[in-house]
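Modelling step: build the complete structure from the supplied sequences, incorporating the hints.
Residue numbers (this note's numbering), protein chains in the order written: chain R, 1270 to 1611; chain P, 1270 to 1611; chain H, 1270 to 1611; chain Y, 1270 to 1611.
It is worth saying that the hints were derived from the structure and are not from the lab.
Sample of chain H residues at the chain P side, in silico, Cβ under 8 Å:
1. Asp1444
2. Val1469
3. Ala1471
4. Tyr1472
5. His1501
6. Met1503
7. His1510
8. His1546
9. Thr1549
10. Arg1550
11. Val1572
12. Leu1574
Note that CB positions come from ideal geometry on N, CA and C, so glycine has one too.
Number of protein chains: 4
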Amino acid sequence: MINVGIVGGTGYTGVELLRLLANHSQVTLKIITSRSNVGTAVSDMFPNLRGRIDLKFSEPSIESYRQCDVVFFATPNATAMHQVEELLAAGIRVIDLAADFRLKDLSVWEKWYGTAHVSPQSVEKAVYGLPEMNREAIKQAQLVANPGCYVTAVTLGLLPLLRHGLINPATIIADCKSGVSGAGRSASLGTAMCEVSESVKAYAVKGHRHYPEIRQNLRQLDARADLVFVPHLMPMIRGIHATLYADVVGDISKVQALYEEYYAAEPFVDVMPAGSHPETRSVKGANDCRIALHYLPDSNKLVVLSVIDNLVKGAAGQAIQNMNLMMSIDEATGLHGLGFIP
Amino acid sequence: MINVGIVGGTGYTGVELLRLLANHSQVTLKIITSRSNVGTAVSDMFPNLRGRIDLKFSEPSIESYRQCDVVFFATPNATAMHQVEELLAAGIRVIDLAADFRLKDLSVWEKWYGTAHVSPQSVEKAVYGLPEMNREAIKQAQLVANPGCYVTAVTLGLLPLLRHGLINPATIIADCKSGVSGAGRSASLGTAMCEVSESVKAYAVKGHRHYPEIRQNLRQLDARADLVFVPHLMPMIRGIHATLYADVVGDISKVQALYEEYYAAEPFVDVMPAGSHPETRSVKGANDCRIALHYLPDSNKLVVLSVIDNLVKGAAGQAIQNMNLMMSIDEATGLHGLGFIP
Amino acid sequence: MINVGIVGGTGYTGVELLRLLANHSQVTLKIITSRSNVGTAVSDMFPNLRGRIDLKFSEPSIESYRQCDVVFFATPNATAMHQVEELLAAGIRVIDLAADFRLKDLSVWEKWYGTAHVSPQSVEKAVYGLPEMNREAIKQAQLVANPGCYVTAVTLGLLPLLRHGLINPATIIADCKSGVSGAGRSASLGTAMCEVSESVKAYAVKGHRHYPEIRQNLRQLDARADLVFVPHLMPMIRGIHATLYADVVGDISKVQALYEEYYAAEPFVDVMPAGSHPETRSVKGANDCRIALHYLPDSNKLVVLSVIDNLVKGAAGQAIQNMNLMMSIDEATGLHGLGFIP
Amino acid sequence: MINVGIVGGTGYTGVELLRLLANHSQVTLKIITSRSNVGTAVSDMFPNLRGRIDLKFSEPSIESYRQCDVVFFATPNATAMHQVEELLAAGIRVIDLAADFRLKDLSVWEKWYGTAHVSPQSVEKAVYGLPEMNREAIKQAQLVANPGCYVTAVTLGLLPLLRHGLINPATIIADCKSGVSGAGRSASLGTAMCEVSESVKAYAVKGHRHYPEIRQNLRQLDARADLVFVPHLMPMIRGIHATLYADVVGDISKVQALYEEYYAAEPFVDVMPAGSHPETRSVKGANDCRIALHYLPDSNKLVVLSVIDNLVKGAAGQAIQNMNLMMSIDEATGLHGLGFIP
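In C-alpha cells form, the structure reads like this:
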C-alpha cells in the first residue's frame, strides 16, 4: 500500500483527492493537514466523506509527513515551494497541484505569480506532470508539478497537431470555458451563485496565469508556437471546454486518423469520431479528456474541441495518475469512475 | 461473475445502471436491449461510456436473456409485467426498476397506473426491494420490485419512528423536492431547461403514484399510517430532499440514539448528528441516504430530513444493492462511489 | 415628482430598488449612500444600470436626506433604528427593508436579532407594510416596516383562511423554498455557486427570524395561530415557493371562491384556478403573488401554494408599493413589469 | 395607438413580445394567432401574463389581420413567406422574427433553409432590421426582416471596426455562447434540463444558419469579410456572449474612442470602458447590447466582447424597436426595462 498525505485539503482539489483516493485500492490515507482546522474531522467539512474517511485535519509537520510515501500539496500558489525540499530530502515524493513548479523560466513565474521564488532548485528537479507528454520522466520523478486545468485541456487538444507540424503554430486561439469550481473554494462575491449563475462572461482577457504555462508546453513542441488565450466563466460547477482554432499548413486530410493513432494507447484521452461535439458532462467526475476535430475548408482552419473535468483530469485525477506512475502501479488505478449523464 | 442483462436501457436509470455496473467487480454485462435502437452502440447514445462499455443495443429475446443470471428492467411502467414470467420460468432473476410489482393490492395498482395488470401471480412472488425493510426476503427472491425514488427517501426517513411508535402515524406530511431527472429521459416540454430551470413548483398535489407505494410501506409498520405527500420539482438534475413532519407521541428524548442504533449496520444509511441539515449534493452519484432529525418542542413535532440521489439509492444503485443480495455477494459491491462536493 | 433616497444600496434589495425606480414615472432618485463606496458610480458596481442611473454613492448625512420625500433603508438589520428618528423629525418618510421595525414585541425582536433595540418609539410608530393587511394605515404612515420575504408569501397564502376561520390555526406547517438571493449579496462560502447549485437543503429548522414575524401576522388574524416553519435553499437565484398545510375546520367547499373574492381588488395577488401549480418563474421580476388551493379530502387538509419573487414582492417591489400608498399615487406605479417566461 | 397582431405566439419570441408589449404605451394588442391553440387564453399557456393580457389565441385570417397596423410573425422559418404579400397588399406592416427575408441571395437562403423560397419579391422589399445599420430604411419599410440573435451580437461587435478598416476582414473568428432559449420552445430531448444543464458544448461547427447572415452583414461593410463562426450551448436560459477575434491592421490606438463615438447616439448599444468584461446577465431582459474591447499587442489581435439577451435585442425587443421606427414613434418606447442583477 502507498501511504499518502495531503497538505491543505480544505479546497475543492483537496476534497476531490479525498473522493478519488477513498476508492483507490493501493492507497492508505495517512494524514491531511490544515493549520486553521486542526482537529476537525474532514467529513464534518465535507459530508460526502462521512463513513468513508475518518481522518481529522492535523497540524502540518515533517514528522507526520515521514509516514508518507507521497504527499500532495493542495495548497494555494507559493506555498509548496517553502516546504518541498525538506520533504524531498526525507525521501518523500511530492506532487504539487498548485503552480509552484510548473514554469521553468523563473522570471516568467515571478512576473505572473507576483512573488519571488524561494526554491529554484526544486523547479529544476520538478517534472511537469502531463503523462501524455512526459510519462517516462514522471515515472522517475521525486517532484511532480501537476498541470493547470486550462493547460491540460488546451495542450492535449493541440499535441498531435504540433508534433506533426500540421498548423501554423503562431495562429492558435484558445477560447476556453470553465465551470466555477476552477476558481476554488473561498468566500468570494465573484463566485457567488447570484453573481455567476445564469450568466456568461470572459475574464482576464489581458492575461491569465495559465497563458505562460500553455505557451511553455506548446513551445516544447514547436519553438515558434504562441497563442491567444481567453478564458470564460460558465454557469456550472465543473468542466472545461476548450475551443481551439489554428490555420492549417500542409495536408490535413489524415488528421483524424493521426489523432486516433497518437492517443490510441492513452488510457484517458478519447478521440471522438470526426464531426463530434464533446459535452463537458461526458467527463464530469471522470479523468477523461475527450477531443473532436473539425476542419473548415473555406477558411483552412482546424477547430479542435477538447473537454475535461477541471477538478479531475484538470487537477486531482491527473495528480493521482501521476502518483500511480511515480509508484509504478497501473496508471489507471482509482481512476475508473465514469462521467455523469445526466 | 454474474451475467447481467438490461432491458430498455435508453433512459436515465438505464445509463446509470451502466455507469455503476461498469465498475462492478463481479458483473459481466451481457446484453442491453432496445427495440428502437437495435445495433446502436450504447456509447454512441451515452458518450460517458466510450471506451468502457462496448455493447450494442439488441433486440429483446428470451434466447438472449438466457445468457443472464439477472435481468434488470429499466423500462416504462406496465412493460416488465408482460415478460417477467417467461424469464422467471427460465430461472433468471429479475429486478424491475419500474412500478409493475411494487403494489400488492392490484386494484390500487390498476387505479394509479391506468391499466389492467396482466401478471397477478408475479406480483405475489415479488419482493419489495428496500433492503432496510426486507433484506432477508430479497436474498431469497427471484423477482424484486425496486422501490420508487420518493418512496425510498420517505420510508427510510420514517422507518425507525414507526417501528418504535414514536409518532402519530396519521399526521405525517411528506413535502418532497426532486431534481428533474426523476421525470425520465424523453422529449418533453415539461422538462425543458427553459421551463424548469430557475423555478420551483409543486406538482401532482392531488395525487402522485408514489403516494400509494409510500402508504403501503408505512402501513406495514403501522396499520393506521397515512400521509399527505406533495412533490415539488427542483431546478437541478439529481437529488431528492424529503422534509417529513409528524406529531410526536411518547418520549422523543432518545430519538437520535434510536436512529443511530437502528441504522448502525446499514451500509447506505447515514444518520447525521442531531441538528444537521443534509444537502442532496452530499449523495450526488452515491448510493447513500442521509438523515437528520429535528425535534420542535413548541409544536411537539418531529422534522426528519432525508436525502438521496434519485437515480442511485432511488433507482439504479438500489437495484444493484438488491442484485448483490440476491446473488449472495457483498451488498456494497460496486456501490462505493462517494457523493460529489462540489 | 417624489424625491427618493436609498441608504445602503449595495445589496440585492438596493440594486432591485434601483432597477424598479429607474422606470417609475413619479420618482426622482436623489441620493444613494454607502459609506464604503463613496464616489463610486452605482453603474460601476451594477452594470445593468449603465446609461440609466448616473448617481454616485455618497456619504450618508441628514443634510442630503433633507432633499428627499422618502428614504428607503436597504441596510443590514439593526441599522435603520439608529437613524430613523432624525429622519422622521425632519419630515422624511422612511421605509425600512430590514427587520428593525417589524416586530411589535421588543423582547421577541431582541431575542431573534441578538441586540438591544435603540428606538422603541419608532417601533411603535411603524406600520407593518403589507398592503393586503394594512393598506389604510400605510397611507397614513411616516415609517413603514417592509415585510420579510418568506413572511409575505406565507401571510398572503393564509390570510383569507384565517379571516374566515376555515382552518385550525394551530396546525399550520409552512414548508418554504427560497432562491439564494434571499441570503443577500456578500462574500460568503455558504452562497457560493459550487456550494448551493445542483443541491437542495433545509436550514435553520430550529428557528429562523421570519418565524416570529409570520406568527405575529397570523395572530393578528387569529390569536391561537401558530406554525411550524422550515425554510429550504433552492439552486436558483430568485423566487420563494411556500407550501402551506393546515387542518380544515368547517365547510371548505367555497374556499376557491372565497379567495378569489378576497383578493379580487388586489393589484398584485393572483388566485389561480383551483388545482393549479404556480411556478416561481411566473413572478420572476414581478411584484405579483400567485396562489393556488388544493383540498385533500382524505386527510381533510388544505394545501396552499404561494409564490413570489423574494426581491420584488418580497422586498423592493413591495417597498415601492408602500411608497406609492404613502405618497397617494396609484399603488401600482412602476410595478407593471411582468414575470419572465422563460 | 398602434394596433398589433402576433402570428404564432406560442414560442419564446412570442411570449417575450407579449411581455414587452404589455407595457408598451402606444400599442393595443389586437390578435394573436395559433392554429393549434384556438380559443386558449394566452395567459393559460403563459401564467406570467395572467391579469395583464386577456387575449385568446385565434385562427389566423386576413380579416383579423386587417385590424392591425403591424403584424409580427413569431413563426417557424419558411412560414411568413407564404402569407406576407397578402398582408402587405392590405397595407399592413410586417416584421418577421424568423429568417424568411434575411438573406438577399435566394440561392444561399434555399441551401441553408432546405426549401424553395415562395416569395422572392418580398425578399426584395424587405429591409434588414438592424437599426444600427439600417435605421433610415427601416423607417420607410413595409416589411422588416428581424435579425438572428447571434447575428445581432456579432454584427454590433464588429460594425465600427469594419467601417473604419481597422482589421483584416478575412481573419474574423466569432466564438459565440448562447443560452438554451435560443433553441426555441418545443418538446425536444436536446434542450432538456438533464441534457444541457451543468454542461457546455459546441454545436454545428460545420455550419450554422446564422453564418451566411453574419457574412452578408459583414460584406456590406467590407466585401472581403469572412469569418469562422462556432456556436456553443450554455447551461443558462437567456443570453448570448460573442467573443470576436481579428487581426489588427493600421492604427488601433484610438479604437476605444472610435467605438464610443460610433455608438454615442445609439439608445441600446453600450460601449463599456476599455478592459471591461461584460456579463450576459447585465442585459437579461433588456434590449441592450454591451460591448468591450481588448487589444492584445503580442499577437496584434483585437478581442471584442459583445453581449445581448437573445430573446430581447436578439429577437422580440429588436422587433419592437423596428416597429417603433416604422411607426415613427420614439425608438425606445416600451424598451426601458433594465437587465437583471441578480
